[in-house]
Amino acid sequence: MAEVSSVKLRDFGGPIYVGRPKGEAARKLLGLDSLEKSCGRISVVVPSDAYAINSSFLLGMIGPAIKRAGNRDAFFSLYAFEASPEQYDAFLTAALEDAVSHALVENKPLPGKRRR
Amino acid sequence: MFALSAQNFRKKQTAPHVHVGRSESLNLVIRGAFGRRPFSNRLREWKVIVPTDFSVIRNPEGFIDTVTEIACMAEAEKAQTLYIDHSGVKSIDLAAEVVLDRVVEDLISDFGRRHKPLLTRGKLPDDKNIQTYLRAIGLIDALKIKSHLLSDEELAGLKVFSRQSKAAARLNRIDVTDFKEAVLLRLVDYLEKCLAAHNRALNAKAKAELIEYAGEILGNAEDHSGMDDWTVVGYLDTTNEVHWCDLAIFNYGTTIAQSFEALPPDSFARKSIEPYVEGHASRGVIRMGRSRSDLITVAALQGNISSKNRTEADTRGRGSVDLIEFFQRMVDSFEINGGAHPEMAILSGSTHIYFDGTYRMKADAQTGRSIIAFNAENDLMIPPDSLHVRDLGRRRFNGCIIGIRFPITDAQLVEVNNG
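Sequence order for the protein chains is A and B.
All the letters of the first sequence, read from the start, carry residue numbers -6 to 109 under the numbering used here.
All the letters of the second sequence, read from the start, carry residue numbers 140 to 558 under the numbering used here.
Keep in mind that a hint or two might mislead.
[Said to hold, decoys possible] With a straight-line Cα cutoff of 25 Å, these simulated DSS-like cross-link-like pairs (lysine-lysine) come out:
(1) B:Lys501 x A:Lys101
(2) B:Lys267 x B:Lys217
(3) A:Lys1 x A:Lys60
(4) A:Lys60 x B:Lys501
(5) B:Lys346 x A:Lys1
(6) B:Lys255 x B:Lys229
(7) A:Lys60 x B:Lys447
(8) B:Lys501 x B:Lys344
(9) B:Lys332 x B:Lys344
(10) B:Lys217 x A:Lys60
(11) A:Lys101 x B:Lys410
(12) A:Lys21 x A:Lys1
(13) B:Lys410 x B:Lys447
(14) A:Lys30 x A:Lys1
(15) B:Lys346 x B:Lys501
(16) B:Lys255 x B:Lys217
(17) A:Lys60 x A:Lys101
(18) A:Lys21 x B:Lys447
(19) A:Lys101 x B:Lys447
(20) A:Lys1 x B:Lys332
(21) A:Lys60 x A:Lys30
Simulated from the structure, these hints should not be mistaken for lab results.
In this text the structure is predicted, and so the values were computed from the model without any measurement.
Between the sequences and the hints, there should be enough to build the whole structure, so can you do that?
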């Protein structure tokens, strides 16, 4: 059975989590790069007093995982977020949706004229 | 002596003077007056008349002219008295006034650094509401006009939130709330205190959205400006049925366009925007009064576009999307009945972008990228509307200001019992 690993956001301050640098630092300190390769599932525990997480923080923390997964289902089969229904409703659903849809967009140039 | 603004300057093609030892922020504002130098260094009183509509959102030209005029007093050898005349002001926004406030503070510091005397005087606006607003924001304090300071009772009724970044406050540990987060928490705390007086509070969703929005802007200011010098100011007016919230976030330093222009032409981030910029440049958009900087700034607002993206695998470029989508939610939640309506503006360098709900950010059907092209078709192949994306010519603000005015409606509030 694939290993399930749990990471706690409380280790990184709170009750709000904003900014890419903090997300990236959390990713590095938690060793998420290697956890994602070795674990079948990673559970992110959102503290009960958390009331805001912005998409930049999430993109810093899990952006590479979303890209590597390549689609929504594959990402959410690897990552689960433990939070209350109220937290999901207030901020988590929207922040996750924004982060996932953003990271899955192909990073191509804006349309226009190309230089010859 | 009544010195009109035009008499303080004469147009001359001179490079802006950079005074060693002067604060970088003051130097940056002075550089925004490039090409215009004080008419006479013999003036002892430096009189600045604030325009009728003093607003970053609606009158960026008047705003830039006013703050650069104040800053240029630092260059006038004989000037000893700063006189700021607000008497004709009929409308004002928080972003304009707090930047003015900051410029005055920097000027006072500069005179102090040079051991030069500086007297400050001013005339308040005739409009009582604006007078109260100015008193709350702090210009009166900055000018040390003691006779106009509010009484303790009056001060208790006025609430303005203001925080400035401090390099010394950077924390190396990430297991504690960093300064930016601490500021955001205090911003929410400020709004809650304002609302508590009316037995209301932000609901969970509104609180989270506000933090997410403000957090994205502060994050951009920290990441892209090149200087650790941002300020966030908020003001909630609870005197009317609709509670209008003004937020202003500004930073000195690199403009949005400069953050791209500084990159090598073959960098991933530059190549991401170049087809858009070159496409319109080659169609003569720049000859028609638009600048490359305007086009770069518009490009920078698009989803997944960031000067810090190095490869296709990078996921930056979400911040501006969150900012604009927050504003759109405010527009959607408020019925415009011919009166005040939500507004937002971004002023960076010589580019001014105005948001009033006319154009919306939407996901492109083919690519999924969030796009706001500032035209009716929302098509990036069509130039942006010149009324909403404006080139200010020789006027510029060296940094970035975001001003937003939005209502906090019942949908965002819950009742609380403070009894």
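Numbers of unmet hints, in rising order: 2, 6, 10, 20
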